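The sequence shown lines up with residues 1 to 84 when you count with this note's numbering.
Hints in this document: simulated from the structure, not taken from any laboratory. There may be inaccurate statements among the hints.
Simulated pairs of lysine-lysine, DSS-like, Cα-Cα distance not exceeding 30 Å [unchecked claim]:
1) K76 - K60
2) K4 - K76
3) K33 - K76
4) K60 - K4
Quick list of simulated restraints, FRET-style, between CB atoms [claimed, not checked]:
5) P75 - G41: 25 to 35 Å
6) R56 - E30: 14 to 24 Å
7) K76 - N32: 14 to 24 Å
8) R24 - R45: 13 to 23 Å
In this text, all values refer to a predicted model and were calculated from it rather than measured experimentally. C-beta atoms are modelled at their ideal positions from N, C-alpha and C, and glycine is treated no differently.
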Amino acid sequence: MSTKILPESDVRPNLSHGDGDHERFAHYVEKNKIMESAVTGTPVRALCGKVWVPNRDPQKFPVCPECKEIYEGLPKGEDDSGKE
């Protein structure tokens, strides 16, 4: 699975997490879902479960600690073998 960090942009409250902290982070999302969202406006789901339609610069936000922990626990694919 390939992922990319994206900021969240949905201004609706995320009631599933309750604490509002997810509004302050950039999240990990599958790359193919990012392109689909850019073309269709379909919401994406981050590894942590956050759902939104991204439209902000992810470089302006710290990475979601929950997404980062999940991502780091994923098995490495062939492209991530570390061989150059």
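How the hints compare with the structure:
no. : hint                  : verdict
1   : K76 - K60             : holds (27 Å)
2   : K4 - K76              : holds (15 Å)
3   : K33 - K76             : holds (19 Å)
4   : K60 - K4              : holds (14 Å)
5   : P75 - G41: 25 to 35 Å : holds (32 Å)
6   : R56 - E30: 14 to 24 Å : holds (18 Å)
7   : K76 - N32: 14 to 24 Å : holds (19 Å)
8   : R24 - R45: 13 to 23 Å : holds (18 Å)
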